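K.L.:
As a plain string of letters, each chain reads:
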Amino acid sequence: MQQNAPSAEPIVSLRDVQKSFGPLRVLDGVSFAVARGEVIALIGRSGSGKSTALRCIDRFEKVDAGEIVVCGHRVDRPDVNLRALRQDVGIVFQSYNLFPHLTIEQNITLAPCTVKGMATSQAKDLARKVLAQVGLEEKLHAYPEQLSGGQQQRAAIARSLAMQPKVMLFDEVTSALDPELTGEVLKVIEQLAADGMTMVMVTHEMGFAKGIADRIVFMHRGRVHETGPASILTSPTTPELTQFVGTGNLKS
Amino acid sequence: MGGHLNINHLMFLGQGALWTIGLSVIALIGGGIVGFVIALARISPLKSVRIGSAVYVQLVQGTPLLVILFLGYFGLAAIGLKVSPLAAAGASLTLYVAAYLGEIWRGCIESVPKPQWEAADGLALSRTQRMMKVILPQAIRIATPPTVGFMVQIIKNTSLASVVGFVELMRSGQIVNNSLFEPFAIYAIIAVVYFAMCYPLSLFSQKLERRMGRGRSNLAPA
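Going line by line, the protein sequences match chains E and A. Per our numbering, numbering through the first sequence is continuous, rising by one, with the last residue being 252. Per our numbering, numbering through the second sequence is continuous, rising by one, with the last residue being 1222.
Simulated from the structure, these hints should not be mistaken for lab results. The structure presented is a predicted model; accordingly, all values stated were derived computationally and were not measured. Check the hints yourself; a few may be wrong.
[Stated by the list, open to error] Here are the simulated DSS-like cross-link-like pairs (lysine-lysine), alpha carbons at most 25 Å apart as the crow flies:
no.: 1; chain 1: E; residue 1: 166; chain 2: E; residue 2: 129
no.: 2; chain 1: A; residue 1: 1047; chain 2: A; residue 2: 1114
no.: 3; chain 1: E; residue 1: 116; chain 2: E; residue 2: 129
no.: 4; chain 1: E; residue 1: 62; chain 2: A; residue 2: 1114
no.: 5; chain 1: E; residue 1: 62; chain 2: A; residue 2: 1156
no.: 6; chain 1: E; residue 1: 166; chain 2: E; residue 2: 62
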């Protein structure tokens, strides 16, 4: 990886991004940037476009207009090298999406071996290392179905980490989990933040966002409606954010 | 005419039954290989490949197997291509089975939950790597019960090869009947032999399906 760019250059930047699903305008001119090492929490009501914005960064959705640059890749362009982009970007989904026919170890070593051509023994060492990072060393040879939801999600984070991404995207990664399992996943993400990982997360856990995010991006009707440090959650300036955090979202 | 059903007749029927199995295996292997290509072609990123394979499937599925067999044997002979009954029957069944297995397998591939495809994409796997390492291993589990079930259809459909003179179980029954003229007894025997070949496969297919049902949690949440 070449890092000629000055560190002030954002790792992710969206400028005036537009996206419609049929007649429905989901993103209506979204702009924000993520600096190296920064943790961004994307918040907002269901349908505000936050998940779509996140998916655009990894080009799981194609934008209609606007500019997206991620680690130097022009994601908005049709000729973007998707595989190069996705080696730089890790994504973790709400539904874990571990591969059910593979053990946790195989889930983790698959991409390093097939995409990066890493030797099997080296990949296995890597698997142990990233599993230790999420506290699951003992599950190396288990199958996903033998794990609890929280453990599966931690394994999915480890799988993503094994590709050594420059930025990680989290798409409502605790929404499918019981409250008691949510905590163990959030702890892993907190540790990643402490280690300096650049992260963009869509989350409904306001308490968590407040504790971990360097910056909050509040989306409303397909636009960035208010943005600022975590303190905007306790003293919002727009009535929409006031209402959003006031509707019981800011607990714990 | 005359005489009674004896051991020689039964041996002849047994030989026919073996050819039924042989022809079924040829149809399954040939149809499986071509069907696999059809299944992949049906979900190809190239529109022309998708359309071409869809047209093939529709043409074959909209044509009686009997007509395909006639075309393969009498039709080719008429334009100067002399083929043996075995080659004609094998090729016709291969084309026929490929169209059906291709569609069954396409459905199985597409029924692997979309998040699994996205997870593979998110890890920077190429199309081929995604298919070979993530999608096909899961699709094969889904495809096994309907494929075994379809083998029952293949076995029964090989009886149509009797019309091009291929001596499988059905044709050997006709030949024995021509000398004994005991249609009820002989065709009853034939029916029992077909049943004996098909029923275990049906049972096996059902068992696989039940096992799949139990293992539903193996599939990732959609």
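K.L.:
All hints, please: hold or fail.
P.N.:
Hints, verified against the model:
1. A C-alpha spacing of about 18 Å is found between residue 166 (chain E) and residue 129 (chain E), which places the hinted pair at or below 25 Å, so the restraint holds.
2. For the hint pairing residue 1047 (chain A) with residue 1114 (chain A), the CA-to-CA distance comes to about 20 Å; that is within 25 Å, so the pair holds.
3. For the given pair, residue 116 (chain E) sits about 17 Å from residue 129 (chain E) by alpha-carbon distance, which is consistent with the 25 Å threshold.
4. A C-alpha spacing of about 17 Å is found between residue 62 (chain E) and residue 1114 (chain A), which places the hinted pair at or below 25 Å, so the restraint holds.
5. A hinted pair counts as satisfied when its Cα atoms are at most 25 Å apart, and residue 62 (chain E) with residue 1156 (chain A) does not qualify at roughly 49 Å.
6. Between residue 166 (chain E) and residue 62 (chain E) the CA atoms are separated by roughly 21 Å; this keeps the pair inside 25 Å, and the hint holds.
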